[in-house]
Amino acid sequence: MADWKEIGIIEDIPKLGSRIVEGPDGDIAIFRNSKDEIFALKDECPHKQGPLSQGIVHDRTVTCPLHNWKIELDTGVVKAPDEGCAGRYDIKIETGKIFISL
Amino acid sequence: MKERLVLIGNGMAGMRTIEEVLKLDDKMYDITVFGSEPYGNYNRILLSPVLAGEKTIDDIMLNDDQWYKDNNITLHKNKTIVNIDRKKRTVIADDGTEKSYDRLLIATGSNPFIIPVPGHDLPGVISFRDIYDVDLMLEASKKHNHAVVIGGGLLGLEAANGLMLQGMSVTVVHLGDVLMERQMDPVAGGMLRKSLEERGLNFLMSTSTEAILGDDCVKAVRFKGGLEISADLVVMAVGIRPNIELAEKVGLHCERGVIVNDTMQTYDPKIYSVGECVQHRGEAYGLVAPLFEQAKVCANHLVKMGISFYEGSVTSTKLKVTGIDLFSAGDFIGDDTTEDIVMQDVSRGVYKKVVLKDNKIHGAVMYGDTVDGAWYFQLLRDQTDVSEIRESLMLGQAHLGDSGHGGHNAAAAMSDDMEVCGCNGVTKGCVAKAITEKGLFTLDDVRAHTKASASCGSCTGLVEQIIASTLGGDYSVSEQEKPVCKCTDMTHEAVQSAIKAQHLTSGLDAMKALDWRTDDGCHICRPALNYYVIVAWPAEAFDDPRSRFINERVHANIQKDGTYSVIPRMWGGVTNPKELRAIADIADKYDVPTVKVTGGQRIDLLGVKKDDLPKMWKDLNNAGMVSGHAYGKSLRTVKTCVGEQWCRFGTQDSTAMGIKLEQLTWGSWMPHKFKIAVSGCPRNCAEATIKDFGVVAVDSGWELHVGGNGGIKVRATDLLCKVTTEEEVIEYCQAFTQLYREEAYYLDRTAPWIERVGLTYVKERIVENDALRKELSDRFVESQKYSQTDPWAERATGGVETNEFIPLTKIG
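If you read the sequences in order, they're chains A and B.
For the numbering used here, count along the first sequence from 1 and bump the result up by 365.
For the numbering used here, count along the second sequence from 1 and bump the result up by 192.
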């Protein structure tokens, strides 16, 4: 059984923005896109560990602030032609509240 | 049911169009492709290296069978379309296959021209057009010794070079007296001939072929005047003709090629045509760059967006013979209305000629040193007025920085294992390999795949040369015609004017009004749009923090480990014990690991944690300091020398002038970073002549210099003018800054902007037009009303964006 932890409400995160959750193994970036979908990735780009939470969010993608790698928010997979994968976490929303499973 | 799109001709132009269609809308069409060759789509321009043994067929495949499957495209290889029933909208292949269409695309390319001399149909007489021809040549080279290539143009020389490398003795026969006369003038053509002769090719110039001799296969070639030379293989490379056989047969209007309009539509509105088979505004093109431009336009209409037009192309060429460095573009011969600038250095084997018309580059031809080819081509396509840089035009500029590429400026002279890109450690061989194996055509492609020149850009000129010498031309779009990003087809200029004309005050409004393809834009267009609305509508624009790059969103510079640097403003680079004490205390209080003096005369506190930023800013505010904007596309610093107040050489109070200018300009957002300096005398200790706006005091007033920068490629400023009073310095500074803010493209510094529009243009507006200068200056002052609020104070104590700096929560 997944262990769901409540971390806040959708409105806590700016549209097309991100907030950090301090996790047991480092920061987790929580993203909200323009369609109010919420995603969670380890706050570390697979390239040079840039903080993804500080990147620009567009559609279901975040662009890393250090070297412009593009990471898919739902899968953590790096978009071609670059290669790699950022850690991702499951998220669920219930009545506007965000839960994360580590 | 989906509409049906049928392509006749499985070549580069047709398939590029299909790829562009898929990029715009991959669900609109059910696509079928007919090709008469038994292969997928391959890179025809790389046939020469295959012949030369430098590449294999597999290396040059652009779309293999799997690609067609993955994209749900039905490919009929080895089938030639022999008829089109335009009433029933059906195509018919030679094996009887029929396929109906809603839209038809004809891309039948061209046929080699065969001179109808006696013996032209003997076995052993071939052209140089496709894989089949290359196979024949490779086979012949194994069995035979003597080859004659008829035609000393681009294709003929590449064929000759390839056959020679395969071990044959090769004679090139050319009707004219200049090799490659469509790409070379007599001088460059002569230099080319000399170096090819040194490599072992033989030439018969001004010679016309009379007959090809032999009974059941080629034995010899006879020329006018009676000379005969023996030959086992004859390659006809005298030119190509648009392949219009099918189009003519079905009654489409053709002249030399299939006639198309600016949307690539033929006289039958259901039928489009692209590539070497078309004739557009009287021109038929045989190079890849124009075909790609046509493909883009055609796709735009096929998916019914209908907003782009093809208006013809200016082309450039290079010969793909390894180690030979030549370049030409535009009209390099000239006429009565043009003038030439020529530079020739016989012992170095270097020749450059630039043809000017009305102070603009009309054409260029270069041999031996082509590092500036891309620059001339850019000036040519942008039609930049070059009168101000005429003196230095031949010395070149090169898209090449001063460091990071080991001093190399000619890619041809580098070996494959030499490093081209010092930032990312990419070798020449790695770039060339990626171009062929991954099917790359443009600088942007190469940057994305190899990272060469993708960081500081210093080695761009080398990478451009490698692309050109691998592919034989320049396929990148001129900056002026380049869309902002993949979310739109609009150029920066079109976006800027639409934002003004349509009163668009937020990036999101702009994306909606201008039919952006994506809902949210991307990391490239969002910051650009955000900037453009702020400049156009300073009082009303919505400055969207989510469209700001991180540094501008949190008003500090992100470092490699995710910490930030904090640089308080020090007006004109002047500080005092009180400020220094406060900075020292703050550095202690927040455990700042590194304190450093910057190049812009400021103090940098490095390694600050994000959640400490607002607290530090509050302390700095309390000590009277504000944001130094060292993180922004904005006015950075005004650097000064001590001037007449202390210096025995100083002629004016440069420090006071610098402080004054900084107070007027701080906080203003710019297309890129913007630096000012004020020196108190021509010794120029503040290095004003490598700044975006530099002021140098002289006894009789102030010299104003513009468009300089240090860094990747040092560019000294151009002198804008000389003024006498402090008020004038201020007005000119504000006007110049505003012109740059309003007209440069986002992420252009002043140097590339001035090089694109020309210094003459800037002078006309700032120096020669008093009314316009005043208006620009006033607009700058007006816009500053909305930008001179300290962003640190807003966030430290003003309640702006406070959530940005604190974690949502802590778990686990």
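Wrong hints could be hidden among the right ones.
Claimed, not checked - In silico DSS-like links for lysine-lysine, alpha-carbon gap of 27 Å or less:
no. : chain 1 : residue 1 : chain 2 : residue 2
1   : B       : Lys-219   : A       : Lys-435
2   : B       : Lys-625   : A       : Lys-413
3   : A       : Lys-413   : B       : Lys-678
4   : A       : Lys-413   : B       : Lys-865
5   : A       : Lys-462   : B       : Lys-215
6   : B       : Lys-801   : A       : Lys-435
7   : A       : Lys-380   : B       : Lys-704
8   : B       : Lys-1002  : A       : Lys-413
9   : B       : Lys-269   : A       : Lys-462
10  : A       : Lys-407   : B       : Lys-801
11  : A       : Lys-400   : B       : Lys-643
12  : A       : Lys-380   : B       : Lys-643
13  : A       : Lys-400   : B       : Lys-625
14  : A       : Lys-435   : B       : Lys-678
15  : B       : Lys-704   : A       : Lys-444
16  : A       : Lys-435   : B       : Lys-334
17  : A       : Lys-457   : B       : Lys-1002
18  : B       : Lys-625   : A       : Lys-407
19  : A       : Lys-413   : B       : Lys-643
20  : A       : Lys-444   : B       : Lys-955
21  : B       : Lys-788   : A       : Lys-435
22  : B       : Lys-865   : A       : Lys-370
23  : B       : Lys-788   : A       : Lys-444
24  : A       : Lys-400   : B       : Lys-865
25  : A       : Lys-400   : B       : Lys-788
26  : A       : Lys-407   : B       : Lys-752
27  : A       : Lys-444   : B       : Lys-215
28  : A       : Lys-407   : B       : Lys-643
29  : B       : Lys-1002  : A       : Lys-380
30  : B       : Lys-1002  : A       : Lys-407
31  : B       : Lys-788   : A       : Lys-413
Rather than coming from a laboratory, the hints here were simulated on the basis of the structure.
Checked hints:
{"no.": "1", "hint": "Lys-219(B) - Lys-435(A)", "result": "24 Å, holds"}
{"no.": "2", "hint": "Lys-625(B) - Lys-413(A)", "result": "25 Å, holds"}
{"no.": "3", "hint": "Lys-413(A) - Lys-678(B)", "result": "25 Å, holds"}
{"no.": "4", "hint": "Lys-413(A) - Lys-865(B)", "result": "25 Å, holds"}
{"no.": "5", "hint": "Lys-462(A) - Lys-215(B)", "result": "37 Å, violated"}
{"no.": "6", "hint": "Lys-801(B) - Lys-435(A)", "result": "24 Å, holds"}
{"no.": "7", "hint": "Lys-380(A) - Lys-704(B)", "result": "17 Å, holds"}
{"no.": "8", "hint": "Lys-1002(B) - Lys-413(A)", "result": "24 Å, holds"}
{"no.": "9", "hint": "Lys-269(B) - Lys-462(A)", "result": "56 Å, violated"}
{"no.": "10", "hint": "Lys-407(A) - Lys-801(B)", "result": "18 Å, holds"}
{"no.": "11", "hint": "Lys-400(A) - Lys-643(B)", "result": "33 Å, violated"}
{"no.": "12", "hint": "Lys-380(A) - Lys-643(B)", "result": "32 Å, violated"}
{"no.": "13", "hint": "Lys-400(A) - Lys-625(B)", "result": "41 Å, violated"}
{"no.": "14", "hint": "Lys-435(A) - Lys-678(B)", "result": "14 Å, holds"}
{"no.": "15", "hint": "Lys-704(B) - Lys-444(A)", "result": "26 Å, holds"}
{"no.": "16", "hint": "Lys-435(A) - Lys-334(B)", "result": "50 Å, violated"}
{"no.": "17", "hint": "Lys-457(A) - Lys-1002(B)", "result": "18 Å, holds"}
{"no.": "18", "hint": "Lys-625(B) - Lys-407(A)", "result": "35 Å, violated"}
{"no.": "19", "hint": "Lys-413(A) - Lys-643(B)", "result": "15 Å, holds"}
{"no.": "20", "hint": "Lys-444(A) - Lys-955(B)", "result": "45 Å, violated"}
{"no.": "21", "hint": "Lys-788(B) - Lys-435(A)", "result": "32 Å, violated"}
{"no.": "22", "hint": "Lys-865(B) - Lys-370(A)", "result": "44 Å, violated"}
{"no.": "23", "hint": "Lys-788(B) - Lys-444(A)", "result": "37 Å, violated"}
{"no.": "24", "hint": "Lys-400(A) - Lys-865(B)", "result": "34 Å, violated"}
{"no.": "25", "hint": "Lys-400(A) - Lys-788(B)", "result": "44 Å, violated"}
{"no.": "26", "hint": "Lys-407(A) - Lys-752(B)", "result": "17 Å, holds"}
{"no.": "27", "hint": "Lys-444(A) - Lys-215(B)", "result": "16 Å, holds"}
{"no.": "28", "hint": "Lys-407(A) - Lys-643(B)", "result": "25 Å, holds"}
{"no.": "29", "hint": "Lys-1002(B) - Lys-380(A)", "result": "21 Å, holds"}
{"no.": "30", "hint": "Lys-1002(B) - Lys-407(A)", "result": "14 Å, holds"}
{"no.": "31", "hint": "Lys-788(B) - Lys-413(A)", "result": "24 Å, holds"}
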